[in-house]
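J.: Sequence:
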Amino acid sequence: MKLSLISMKRLNVGRVLAGPFATMILGDLGAEVIKVERPGAGDDTRAWGPRFVATESAYFLSVNRNKKSISVDLKHPRGANVIQELAAVCDVLVENYVPGKLQQMGLGHEQLSRVNPRLIYCSISGTDFPVNAPHLWRRGPNATRKN
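The numbering of the sequence shown is our numbering, which starts it at 623 and goes up by one.
Worth double-checking, as some hints may not be accurate.
What the hints assert, rightly or not - Below 30 angstroms or equal to it, Euclidean Cα-Cα: the simulated BS3-like pairs (lysine-lysine) are: (1) K631 - K697; (2) K689 - K723; (3) K723 - K690; (4) K723 - K631; (5) K689 - K631; (6) K631 - K690; (7) K697 - K723.
Said to hold, decoys possible - Computed beta-carbon distance windows for the label pairs: (8) P739 - A676: 38 to 44 angstroms; (9) E678 - R736: 34 to 40 angstroms; (10) T677 - R740: 36 to 42 angstroms; (11) F674 - D695: 24 to 30 angstroms; (12) G722 - K690: 33 to 39 angstroms; (13) Q726 - R687: 29 to 35 angstroms; (14) D650 - N703: 27 to 33 angstroms; (15) I628 - A663: 30 to 36 angstroms; (16) I647 - I692: 18 to 24 angstroms.
Because the hints were derived from the structure by calculation, they are not lab data.
Just so you know, even glycine gets a beta-carbon here, dropped at the ideal spot from N, CA and C.
Let the hints inform the model, and build the full structure from the sequences given.
T.: Written as structure tokens, this is what we have:
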């Protein structure tokens, strides 16, 4: 099988389902994927059971295959700088945080576009609300199911 995305570099700032699943497919197609996890426990799905391979969740291992991993505290200015440096050399950033959360940390589309104007910023919100809706902060899987 020819890997069609072999020369592409993706940054996965997503967690749990939507971001990791989307970048799993990109990794399967040959893209270099760098998964960003929080320090300490990492992605929540590392502890999801009931199936485990040694101490890792089988789900976590399956959706994070073909990825490199880095631990970064996004809330710390040094962590935000690391993400900006990675975004500068990546083609695509995939995130699935609550809308506006990464922007508050200085890692939104507008901010990272200044670092890398060619960066494709894929935001999977997980909500059914328009961008300006009053309940935008609510989380939900519907947008992921529908798209």
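J.: Starting from the hint list further up, note which numbers the structure goes against and sort them upward.
T.: 12
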